[in-house]
Every structure is written in C-alpha cells, then in structure tokens.
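K.L.:
With the hints as constraints, model all of the structure from the sequences given.
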Amino acid sequence: MFNFNSKKSWQFFLLMMGGIVLSMGSGHSLTRAQETETTTPIVTDYDEQFYQGEVVEIMEESESEGWEGTTNHQTLQVEIENGELKGEILTLEYESTANSQKSLEVGDRVVIVEHAGAEQKEYTIFEAYRVPSLAWLFMIFVGLTALISGKKGLSSLLGLAFTFLVLIEGAVPLIIKGWDPLGVSFGAALLIMVISISLAHGFHKRTFLAIVSTAITLHLALALGWMAVSFSKLFGLGSEDAVFLSFGEFSNIDLKGLLLGAIVIGSLGVLDDITTAQTATIEEIHKANTKLHFKDLYQRGLSVGKEHIASLVNTLILAYVGASFPILILLVSSTTPLWVTLNNEFMAEEIVRTLIGSITLITAVPISTVLAAWMYGRK
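Under this note's numbering, the first residue of the sequence shown carries the number 46, and numbering increases by one thereafter.
Don't take every hint at face value.
Stated by the list, open to error - With a straight-line cut-off of 20 Å between C-alpha atoms, the simulated SDA-like cross-links for lysine to any residue are:
id: 1; residue 1: K250; residue 2: A322
id: 2; residue 1: K166; residue 2: V156
id: 3; residue 1: K147; residue 2: E105
id: 4; residue 1: K222; residue 2: V288
id: 5; residue 1: K147; residue 2: V101
id: 6; residue 1: K131; residue 2: K166
id: 7; residue 1: K197; residue 2: M184
id: 8; residue 1: K147; residue 2: E102
As the list claims (entries may be wrong) - Label pairs and their calculated CB-CB ranges:
id: 9; residue 1: L210; residue 2: L373; range: 29 to 35 Å
id: 10; residue 1: G314; residue 2: V101; range: 39 to 45 Å
id: 11; residue 1: F280; residue 2: S378; range: 24 to 30 Å
id: 12; residue 1: W384; residue 2: S356; range: 29 to 35 Å
id: 13; residue 1: F292; residue 2: P371; range: 25 to 31 Å
id: 14; residue 1: L203; residue 2: G132; range: 38 to 44 Å
id: 15; residue 1: F95; residue 2: L182; range: 20 to 26 Å
id: 16; residue 1: T115; residue 2: L199; range: 47 to 53 Å
id: 17; residue 1: V101; residue 2: W384; range: 54 to 60 Å
id: 18; residue 1: L203; residue 2: T360; range: 22 to 28 Å
id: 19; residue 1: P382; residue 2: H338; range: 51 to 57 Å
What the hints contain is simulated information worked out from the structure, not anything from laboratory work.
For every residue, glycine included, the Cβ atom is placed at its ideal position computed from N, Cα and C.
P.N.:
Written out as structure tokens, the structure is:
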C-alpha cells in the first residue's frame, strides 16, 4: 500500500507536477518564432474608454414603429461614477426595442462608452451595469459552499481559483504567443486536475487513484476528440469568435488545436466528479467488508457507477442544451432540412463536444472502478 504521508510519496507528487508542466511545453509550435515582445491587450478597442454611470433624470420619452416593432427613445441625464469624469452629468440618448430591452429608469446603473473622434468626444450608453448583481450572486455561491461543505468546500474554491489562474495567466497567454493550443490545453488540464482534486479531497490513496483514473480518461478524450474532429472535417471555425481569431494578430493560432483543447478541458469538468465518486465508493465498500476481492469490489462499484452514469449523462446533455437554448428554438422552427442544419460546422462542433464529453464520462466509470478495486482488493 502507498503511504501518502511519506516523503517519497510527496517526491512522486512533485515529479508528477514537473512532468505536467513540461508537457505544456511539449506541444510548442514552430510559430513561436513569430512571437513579439509587445504588451498589446487581447482585445483592442481603439480610442474607446468605458465609464460607470447612474441615471439621475429622464428628460424626454417617445416611441416609434419600425420593422423591429416598437422602439422606445429616451433622453437621459447620467452621472458618471468613476474615472476622470467622475461626478459629471452627461445628457445622452438611449433607444430600446420593446421586444428585447426595457426602457431605463431613474436609479438604473449603466456602462457608458467614450468615442474619441477627430473633433470631439462622443458618449453613448453601452449596456446595463451588471457587475454588482454578479458579485452578489458569487458571494451567495461562496457562502453556501462554505456553509454546507465546510473546509472541503473552501478547498474546492481554492481549486476553482487555481483553475482560473492556470487558464487566464498561463494557458491563454501561451496560446496567444503562438504555442500549440492542444499541447497547452492538455498540459493545463492535467495541472488543474492534480491541484483541484488534491485540494478538494486531500492527498490520500483514493485521491491518487482518482487522479490516475482522470489522467487516463483525459488521454482517451484527447484521442477520441482528435478522431472525431478529423473524420468530421472540423477546422475550429464553427463560431464567430473563432472566425475573428483567424484574422489579424491572432492568425497564428491553430483553431483546430484550440477546438481539441476546448474539448479536453470541457471533458475534465465532468471527469473529476465521476472518478472521485467511484474511487470513494470502492473504498467505502472495502471498509465495510475487507474480505472482498477484486472481482466483488469491481462488480459492486460498477453497479453504483451505472446509476451515476444514468443521471450524469442526462445532466451533461441538458447543460449543453441549456447553454444554447435559443439555437434549439431556431433549429425546431427552421424550414431548412434537419440534415443540413446538423451538417453546419457550428452544430457539428457542439455535437462533437457533447458526445465526446458523454463518452469519456461513461468510460471513466469502469476505468476508475477497476483501478480502485485492484488497489483495495489486493491481498
């Protein structure tokens, strides 16, 4: 048995971490020669500056009819709340369509964009200011996690913070510089996997087994994703954002590799749940009856895993459908033949993402179960 409190175990852990970090560089593309030392921001909004403001007075309101339906016109006075213009009151025009937007009211907070023109600066209301409501929602999430899950919940939040750190400060900048998106994404996924699972569950035997099971299944997801993307002739151009990346300063990014990397990272989101649950199940069965051998542990653990699969596959499909519900409405109401719609690259990418995620979820159950049953069933 492994002694996970020993010095050798931690040395092994550190070696694993080092290997993962090196794997992020193993996929380094030849395009790194195109790197520049510039600090150009990821999204460039030329001659634009943003402010927060609050509507303090509605000076005038009117309506007009057009092809989009009824359009509401408002003349508003908005007080700037930040930046160089803090405290100033601007008179701004705002239009909203009755079908999709509501008119603004006194007290509403908005985002204002400043356009620096050749002669004078122009200001327009960009959209509603939503950050405070998002912050409150996040605080509720953190509070409930800490209240219900205790220390484990706080540890999982640290893992979540680490995930964002790896992706935003590590993976994304490397991909922008020209590194291979697939290699970077896969290395980032492995790094996130080790740290987040260890933080959430502690560094014990079952944590180690869950990490190994997840790593094996991630490799399977990578292989299946590569085959699906290649056979389906997908090039990573299924969305407007991807098309935007194919031009200008981002044209050196391999969009096909980026699609594969996204599939791998998306698969990780469901894998750690199933592998940790299956490993914990086998451990608890073993504790209840230490006389059980490999075969008995595997069969009983797999029985539980089948129930887990039945619920999670449905959850996964619903998560993807919920994220693109407007598209589903257009799909149902469209007069275009169904096969033509499904053949569209955007739809094909979403289908591949969903199916690869579901397949890896299913295969993670026997993989994690057999590893845990072998470990705990040895005599």
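K.L.:
The structure should be examined with respect to each hint, and the outcome stated for every one.
P.N.:
How the hints compare with the structure:
1. K250 / A322: Measuring from Cα to Cα gives roughly 13 Å; hence the hint holds.
2. K166 / V156: 16 Å, holds
3. K147 / E105: 15 Å, holds
4. K222 / V288: Status holds; Cα separation ~18 Å.
5. K147 / V101: 17 Å, holds
6. K131 / K166: 16 Å, holds
7. K197 / M184: 17 Å, holds
8. K147 / E102: 16 Å, holds
9. L210 / L373: 29 to 35 Å: 34 Å, holds
10. G314 / V101: 39 to 45 Å: The hint (39 to 45 Å, Cβ to Cβ) holds, given that G314 and V101 are roughly 44 Å apart.
11. F280 / S378: 24 to 30 Å: 28 Å, holds
12. W384 / S356: 29 to 35 Å: 31 Å, holds
13. F292 / P371: 25 to 31 Å: 26 Å, holds
14. L203 / G132: 38 to 44 Å: 40 Å, holds
15. F95 / L182: 20 to 26 Å: 22 Å, holds
16. T115 / L199: 47 to 53 Å: Cβ of T115 to Cβ of L199: about 50 Å, so the range 47 to 53 Å holds.
17. V101 / W384: 54 to 60 Å: Between V101 and W384, where Cβ atoms are some 55 Å apart, the hint holds.
18. L203 / T360: 22 to 28 Å: 25 Å, holds
19. P382 / H338: 51 to 57 Å: Given range 51 to 57 Å: holds, Cβ gap about 55 Å.
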